[in-house]
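Enquirer: Generate coordinates for the entire structure from the input sequences, incorporating the hints supplied.
Residue-level listing of the chains:
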Amino acid sequence: MSTPADREGPPWRRIHPRTVLVTALVTAGVAVGAAVPAVAALSGRFGYAAAVGWALAGAVVLVGCAAAGDYVRWRRTRYRVGGERVELHTGLVLVKRRSLARERIRSVDLTAHPLLRILGLVTVRIGTGDQTGGESTLELDPVDRAEGERLRRELLDRVAARSSGTHREGELAVLDLRWIRYAPVSFLAPMLGGAAAGGVMQVSEWVGAQGEVIDWVADRFRNTSLVWAITVLVAAALAAGVVGALGLWAEGWWNYRLEREPGGTLRVRRGLLTSRSLSVEERRLRGVDLVEPLGVRLAGAARVDAITTGLAKDEETRGADHDTLLPATPRPFADAIAAEVLREPVAPTGAPLTAHPPAARGRRLRRALAAALAPVLVLALLGAWLTPVLLWTALGCAAVAVPVAVALALDAYRSLGHTLSGGYLVTRSGTLRRSTAALQRAGVIGWTLRQSWFQRRAGLIAVTATTAAGAGAYTARDADATEGLLFAAEAVPGLLEPFLERG
Amino acid sequence: MATGEGTVRLRPPRNAPARRAVGWWRVRCLLLTAAPVAVLGVLGALITPARPWLLVPAAVLAAVGLSVTALLPLWWFRTHRWEVTDEAVYVRTGVFLREWRIAPMSRIQTVDTVRGPLEQLFGLATVTVTTASAKGAVKIEGLGHETAADLAERLTRITQDTPGDAT
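First to last, the sequence lines map onto chains A and B. For the first sequence, the working numbering gives the first residue as 1, with consecutive numbering after it. For the second sequence, the working numbering gives the first residue as 504, with consecutive numbering after it.
Hints in this document: simulated from the structure, not taken from any laboratory. One or more of the hints may lead you astray.
To be verified - Not everything, but these chain A residues come out facing chain B in the computed CB check (under 10 Å):
#1 Leu449
#2 Gly494
#3 Glu501
C-beta: ideal position from N, C-alpha, C; glycine also.
Expert: Pasting the structure below:
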């Protein structure tokens with residue numbers, strides 16, 4: 001498989017041979033995990049010694065196969081960085097040759113799970129700007145740490161495009177341990193609490209002791225009232241959730257550091273066990289998104305996400321906070337970092353926003369009430385048909401759900417807003433997760449305007465700016481129809497104007 | 504909607520889809536209706552005890568589907584509009600949820616022309632214009648074959664002449 005083109009240019013390199021060891025160790029871990037229940041199940045029939053023997057033999061075969069497979073993968077994987085392209089060849093039967101034009105490379109991420117870290121290795125992900133294509137990422141899994149650093153520097157080292165150098169280089173933000181106070185107020189804590197409770201039940205079922213666990217808990221609360229018992233159990237689950245959230249925060253954000261490197265690259269490094277490194281070329285940055293989940297917002301904090309083209313979008317990294325530049329921190333600090341990242345004197349995310357018309361509040365109230373009252377109505381109908389107990393339950397639900405729904409709807413309305421601030425278009429919406437997105441006006445690559453029949457009657461319109469970066473589209477929901485169109489026309493001069501009619 | 508002084512509206516794009524598109528939309532609606540109705544009908548014929556529970560929904564579905572088939576395509580024909588200027592592609596769709604999409608020429612990445620089997624039958628084609636945004640595609644449905652070919656050719660020419668990497 002060596003063609004003349006192969007022999008020219010820089011030499012081919014291999015990924016690190018210790019990958020075989022990594023695979024063997026990971027498989028051994030899986031094998032041990034599987035062997036324990038297998039031995040437990042088999043020892044009843046064959047006796048203890050025979051069961052252990054079988055499990056051991058199975059484990060050896062499994063680890064051997066995995067290591068052999070990975071050895072072949074190591075033998076057949078090679079890559080090289082040329083002047084124009086980065087090339088990666090993989091595969092035994094079906095040889096896959098992929099190459100990326102170097103000028104299209106937008107990000108280079110280094111990650112290492114604990115095992116890789118102990119062995120001094122990193123996984124390198126090289127991403128391009130494509131949002132649509134699935135194969136836009138090259139992955140070198142793994143290379144040693146020095147080689148990873150060398151690749152990162154070499155691939156992202158370009159002449160600085162911007163020279164408005166009033167903003168500092170080097171360190172922009174480092175971890176402040178006081179930020180950990182925002183970890184428990186996220187939505188993660190109750191979710192983890194629920195998961196912990198579910199986990200206890202699941203494991204006890206595997207061991208066949210679920211009944212005993214339930215009996216034991218019931219025993220504790222023999223002499224107390226039901227309400228008190230539920231309160232204690234919920235509090236225990238929440239406490240477990242808080243501990244979990246603190247742990248996850250520490251794992252994810254330990255050693256956090258945001259830097260601007262020479263050549264116009266922003267770099268985030270963080271992680272206690274798994275170390276993560278994210279590099280974003282500044283000329284790919286199209287704006288920032290200030291995200292405030294409800295609990296975090298009530299605590300007066302916000303998180304800063306990057307709106308950028310070309311972040312790796314494969315399954316592994318999607319959804320996780322891989323584009324986060326700054327964890328939840330006090331709002332003024334988040335604004336300051338947003339300004340620093342964008343090289344602006346003042347953060348556009350802090351600009352005063354144009355409020356949306358009162359009709360938008362009506363829409364939110366109606367929707368929230370409908371969502372709150374639908375289950376109440378079902379309960380009430382069932383109650384009228386079957387038993388009055390359900391009627392009382394319905395009344396109780398309504399008493400709780402209606403005020404909550406109204407409060408959320410009013411807050412959602414207060415959150416709505418949009419404006420133009422310097423070179424940025426700013427939209428804000430959401431209540432459980434309020435997001436204030438500041439998008440470069442030059443980054444807007446189209447408009448989508450939506451108006452339902454109800455919106456048309458109320459004189460409202462949804463104005464969506466599409467972009468190649470981040471979520472792909474940022475929307476000012478339920479804006480005043482006339483004002484929203486003028487806003488869009490002003491944001492990108494000349495694009496919408498020819499299609500408007502006045503009067 | 505308030506129509507006082509100083510209001511601003513989006514004007515409709517200039518071109519309508521081909522008249523034949525109504526027929527194509529009708530057949531599509533009809534097929535969408537026919538599939539569940541046929542399944543319910545066959546089940547109703549086979550399973551005697553549950554017959555009323557199957558045939559009544561089938562009849563209701565058929566009635567709804569037929570009225571939609573009769574009316575909605577006409578309505579679509581009245582609201583779907585498209586226009587291509589030297590600067591942008593501009594499309595309006597939707598009856599209850601009206602949608603206007605605008606993609607500037609300088610940001611267009613690909614121009615696709617698709618003719619499905621049904622569209623072939625009616626001599627129609629769909630032109631899809633994509634930009635670098637995952638959410639910015641603009642679709643022009645129900646064009647005649649010739650119009651679509653001309654349009655795709657023109658769009659490709661204009662976008663080639665426009666510099667920039669479209670992000």
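Enquirer: Now look at each hint and say whether the structure bears it out.
Expert: Hint-by-hint comparison with the structure:
no.	hint	result
1	Leu449	holds, 4 Å
2	Gly494	holds, 7 Å
3	Glu501	holds, 4 Å
Of the numbered hints given earlier, the model fails none.
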